[in-house]
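There are 2 protein chains.
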Amino acid sequence: MATKRETSRPKTATTFKKTTPVSATAPVKIALLGFGTVGSSLARVIAVSKLPGVELTHIYNRNVERKRVSDAAKCVPASVVWTENFNDIVNSRAEIVVELMGGLDPAEGWLKKCFAAGKSVVTANKQLIAYRGVALSRLAAKHGVQLVHGAAVAGGVPVIPGILQGLGGDQITRISGIVNGTCNYILSHMETGAEYAAVLADAQGLGYAEASPSADVDGFDARAKLCILSRIALHAELDPDAVATQTISTVEAVDFAYAKELGCTIRQVSRAQLDAKSKLVHARVAPMLVPLTSPIAWSHGTQNMVVTSGRFGGDVVFSGHGAGGEPTAVAVVSDILAVAQKSVAVELPVRRREVTGEFMAPHYLRFVVNDKPGIVSGIAGALAKVGANIDSLLQRPGYPKHSLPFVITTEACLTSTIEKAVAAMAKMDCMLERPLCLQILTVDDKAE
Amino acid sequence: MATKRETSRPKTATTFKKTTPVSATAPVKIALLGFGTVGSSLARVIAVSKLPGVELTHIYNRNVERKRVSDAAKCVPASVVWTENFNDIVNSRAEIVVELMGGLDPAEGWLKKCFAAGKSVVTANKQLIAYRGVALSRLAAKHGVQLVHGAAVAGGVPVIPGILQGLGGDQITRISGIVNGTCNYILSHMETGAEYAAVLADAQGLGYAEASPSADVDGFDARAKLCILSRIALHAELDPDAVATQTISTVEAVDFAYAKELGCTIRQVSRAQLDAKSKLVHARVAPMLVPLTSPIAWSHGTQNMVVTSGRFGGDVVFSGHGAGGEPTAVAVVSDILAVAQKSVAVELPVRRREVTGEFMAPHYLRFVVNDKPGIVSGIAGALAKVGANIDSLLQRPGYPKHSLPFVITTEACLTSTIEKAVAAMAKMDCMLERPLCLQILTVDDKAE
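Protein chains in written order, with the working numbering: chain H, -18 to 429; chain C, -18 to 429.
Quick caveat, the hints were computed from the structure, so don't treat them as lab data.
Values in this document were obtained by computation on a predicted structure and should not be read as measured data.
Treat the hints with caution; some may be incorrect.
Pairs involving identical chains hold if they fit within one copy or between any two copies, as the list cannot separate such chains.
[Stated by the list, open to error] Under the rule of at most 27 Å between Cα atoms (straight-line distance), these lysine-lysine pairs were calculated in the BS3-like manner:
1. 31 to 258
2. 323 to 123
3. 258 to 55
4. 31 to 260
5. 323 to 93
6. 382 to 408
7. 323 to 10
8. 31 to 55
9. 353 to 401
Start from the sequences and build out the full structure, keeping to the hints where you can.
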């Protein structure tokens, strides 16, 4: 079903002026798949910006009539064709299709049809790019079209174009950062003493978290983004399912109090590191203790932050609004301009790499126990058995003896080593819940 | 004079593997103008990296024999032709010329000759790009070649490619940041109580500051970079000579003590802001009080930091190593890869804009007086006369009455207004030196 209204040409298409002799041609026609938060922001940005040579011609959405009469649609030029039939898009004269539906299916199949029809695709679909990005890029190249996905990681923060065009000359060995705004909103608000459940409910009320928050809080969203960043920065293609994740839902208010005593805060950190010798990529998405002196600790609310570490250029920090309609629309429009101007990104060889969750790092262990003699000795014994050294023991006053939270930090040891000790400690009678084990991010930490 | 040694092909040229069907051709030949810190780092990065399809073939330098036998030259392949005759470069088969000489002359004329000879140019020359960038880009386009200058601002921090490829979809209204590593080294070291002269001497000893430091400390280096950023981010072409600058050399240790009491530190800030109505660009390079909560306060040592503020995407922060051989070489090599792969940057229309140094901002005034009754009343009178309101008065204990530093901060007022008051106050008998007047950066400040 295609609903055509009027045919007046959108104002945005006539304001393009090139200052240099790049051929001034007819505006590039854009079709949009998905008119949700980002899609409607995109339409608004295109409408109010003086965008050189870009014309929105089609919008696809399920139940399109509901979208077409929404307030968000008011900025859409009357000339735009609204449809709930994907074939209208494939058969249209649109040269660039913007895919904002998310998910693997039907997005993957539809993108392939777009390529076959000679259309370039701009997408913000992190799952699709993480799982199928390399194959889809090859297919796009085969058809002589582009697949661009600057919006798939960190929304309005130009991490992907910045790395592709500005850090290709470095050898990036490590990336770490905060790429899930929902988790960052929750954890940075827990800093002030609030409990996880309360902050999650707030975030859901504000639209920052889904009703079913697992993709965010359990790390699957961040994992997809980390795999895309690994491909771009480390030139390492990873299997997203092989990347270790740890939920933030077991972090409690008390952990922020202890973290503060250690000069740290807690963030969902996504990190990947290419080992020069083994060629393994050490990767993990997990809540971690982050020193307050690290740029990663500076992100608050829904902000994103990515730090790349290069052999020649050292650390480079990118930060800003990683989510939300308009910041993401900025990334999408920037990609549209690139495709419209035939500005093809620099491309370096990517290799398939095996992935491990192992890191050599100090760890934070938080226990909640029914206090009685011998507990510390039992824990110390479990740590000694795996060869992990205790660095500090912290016990804040004011908690009841029958449900006492306290903390032990260890010197650097392997993830698998500390997990073995945690499994043993979890079986101790006194433990009221499974000990929480968090990696402590250090500035010069090394993967092992 | 051309000194050719051996003709063995450099190893770096044979490791290129494309994963997608981009045409695999012979390596792109690179000629280098200038074998100083960045030039030798560039040769090293090319040599040790597995750089796809890049071959260094020529190096030009004055007194080239001295360079050729230096330690830094050890990483240069034996096949490279060393010369002190620029014509050898023009007449070579190099397709990309990397200009690292700096300054307007002879660089400008030489670039034109390169373009005419069909050679693209990658340059880190901020003065040349600030003063002649638009005209040179047009000339390059006319000859069908590229002029790329990602290394001209913020060295290894991909601010220019990040903005060009990732923020073209936004309407950036403001840029602010730290783009001179020398000043940042000096000011961030003065935070700990050291005096300007001592830190400058240190910086000179370490090679961070020139023997004649004016270009850095008086703001001329940063001004050129600010003009380039204005062109890229605000699409506003400015006359660099029209941008107001203020030296950091009048900032003293006591100012950091007072700044700290105000929750601030002091940095050389470069800022430019496009007024939507007047279309004037408000621009200034000056030491400013920066709140410790601002990302601009986070830069230490020679780090650079640029914050862009966009209508849709909000604030985006880029930071990292803005100077030094290897970080700058990363930017140069990234640009070389872009030219070699014919990856042409997105281009948006740029307009010539008038520039003003006016900002509406609170100000910090530091006086050194021979203390006697009536001083504060005299100062307050001078401020009242121009209509500036006092916000706070700070006087730290422990200073001698005959040379007493104290501070007044004002509420937001125009730069020209406060400067009028300062000129009047400077004439007061009690003043031992001209009052220091610094803008206080606020998060939501507006240009007027």
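When the structure is checked against the list of hints, which entries are broken? Sort them ascending.
Nothing - there is no hint that the structure violates, so all of them hold.
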